[in-house]
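Visitor: Please arrange chain R on chain S, whose structure you already have, making use of the hints.
Here are the chains, one letter per residue:
There are 2 protein chains.
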Amino acid sequence: MSLVVVGSVAYDGVETPHGKVDRILGGACTYIALSASYFTCTRIVGVVGDDFEEGDIQFLQGRGIDLEGLERVPGKTFFWAGVYSADMNERTTLTTDLNVFADFNPKLPETYRDQPYLLLGNIQPELQQSVLKQMRSPKLVGGDTMNYWIADFREQLLATIRDWDFLLINDGEARMLSGENNLRKAAAKILDMGPHTLVIKRGEYGAILFRREGHFMVPGYLLEDVFDPTGAGDCFAGGFIGYLASQGVEPSRGDIDQTDLRRAVIYGSVMGSFCCEKFGPDRFRTLTRAEIDERYQEFKTCTDF
Amino acid sequence: MSLVVVGSVAYDGVETPHGKVDRILGGACTYIALSASYFTCTRIVGVVGDDFEEGDIQFLQGRGIDLEGLERVPGKTFFWAGVYSADMNERTTLTTDLNVFADFNPKLPETYRDQPYLLLGNIQPELQQSVLKQMRSPKLVGGDTMNYWIADFREQLLATIRDWDFLLINDGEARMLSGENNLRKAAAKILDMGPHTLVIKRGEYGAILFRREGHFMVPGYLLEDVFDPTGAGDCFAGGFIGYLASQGVEPSRGDIDQTDLRRAVIYGSVMGSFCCEKFGPDRFRTLTRAEIDERYQEFKTCTDF
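So the protein sequences, as listed, match chains S and R. Under this note's numbering, the first sequence has 153 at position 153, and the numbering climbs by one with no breaks. Under this note's numbering, the second sequence has 131 at position 131, and the numbering climbs by one with no breaks.
Hints may contain errors.
[Stated by the list, open to error] Below, in silico cross-link-like pairs of lysine-lysine (BS3-like), each with a Cα-Cα straight-line distance of 30 Å or less:
{"no.": "1", "chain 1": "R", "residue 1": "Lys107", "chain 2": "R", "residue 2": "Lys20"}
{"no.": "2", "chain 1": "S", "residue 1": "Lys278", "chain 2": "R", "residue 2": "Lys76"}
{"no.": "3", "chain 1": "S", "residue 1": "Lys189", "chain 2": "R", "residue 2": "Lys300"}
[Claimed, not checked] From the derived model, a few chain R residues whose C-beta atoms are all more than 12 Å from chain S:
{"no.": "4", "residue": "Pro106"}
{"no.": "5", "residue": "Phe153"}
{"no.": "6", "residue": "Met217"}
What the hints contain is simulated information worked out from the structure, not anything from laboratory work. Glycine included, every Cβ here is placed at the ideal spot set by N, Cα and C.
Chain S on its own, in the form it takes in the complex:
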């Protein structure tokens, strides 16, 4: 029951109040896959340049991630750099060099096409659609998007998410996509666009799972130190679908167990919180499944009444 993840694999330059790194492994696909790898067998689809380091290949492979779909082409790997505000709730992009990612045209290896789970990271909606078409009979499909696609590629995006089981976006994106300021109303409109499940991520304030029959809310995990929030939303996505895959969830368009979904949201939150504890994806060099389950229990302890 393995998971296919598509998205950017990149190098990032990150500055937070805790320090600065000039070049560290990054990209949505990387974070999603690292996070999901704790729950299920994960295969990635992406593109990198000939500068992609052997050490990073080994890091991903060490987490059991299948890299058959990671294309290597001449040129440089996607590079992004940004700096976070003092409270880390805002970030300013300093550099976006698409490099080899500009011509990314995801092609799924034959061994990927029969997999049941698909997570479409934040890339151009048409590419997301093309990936879904390459899958033969996916059982659970979802993904992420961003303000840029919502504003300037709206029709493409709507045609793309129509076929998804779930959409994972943040609150600002949900408001933008729906045209509604109130999250309950925004969610109702988005659930009319196709996905039967919507997860709205609210950063440090947690997340809300929306379904037609009701919603589920979880506050954000209270970290003692937020080192670097880069990738936290993607790690949420990885934990969310990773957990559902590990439970063998097979919804026939909407028929899915609430208990599984709620637990998936908690595992997503857990993975997002770990991600913030070190620069880039470094926390995943040492993180164990036991620590994940311990934090899951902590969520229970901190929210039970």
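Guide: Quick look at chain R alone, frame taken from chain S:
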């Protein structure tokens, strides 16, 4: 087992994206008392001018609130006016006419002094201290404060909260009071200032209860329409202490049941959410205890996993 509440009783002018009222009953004491009145017998201490309307007296008395401590003096009642931003997360004060509230010097009626529960609304710390001194043997004491007292009356404020069981403030105030940006660290510092219990209110994002042995988090109730958030934080306080009073909680400086405290936070959240459903305190003209308990259950349904 009744509750004494001290604070402002006022008239407000409020403008939100949903409409505008030029003059409606307001003030922290009013909101706290109305909210607490659903849980326990409540007595208020405040001051109003000779313009205070008979209809408002009847509204408060109709909720069973004891007004013996509500002084009436010549002059005008405290008046505040403000306008909310489109998303209602910010508000701009247009008018603050202290009027008779400028000389407020709370005197507790004899019948109030033996009561076990005391909630000190946001007024000058010295006045809060003087009220506490007038009580003979309070069993549970807590209150609110604001940025103004934290910045300009710090020593007075620290001397005041030292004797409190609990402090209820918002996240910005907690950061300001502690000098720590991280809420966990901020809470640890504040718990060293005296109160054994700290509740940090986060508006639409919910609340966190901090105690030395751990914390409890609750997300905010998702309203379909936020009509007017004025008084929501005070209604939280009223529900919080009102519920604890209804359970006869009697901590000997810190020894208090976590289950009671957690439920009190939920009831606080419930009352804050109802407050936002109509202008000013109008929701409390029709709200029933059955509706309150129903929303408490809804909180359980929406957060359980």
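Visitor: Determine for every hint whether it applies to the structure shown.
Guide: Comparing the hints with the structure gives:
1. R:Lys107 / R:Lys20: 35 Å, violated
2. S:Lys278 / R:Lys76: 57 Å, violated
3. S:Lys189 / R:Lys300: Holds, at about 25 Å.
4. Pro106: 34 Å, holds
5. Phe153: 25 Å, holds
6. Met217: 4 Å, violated
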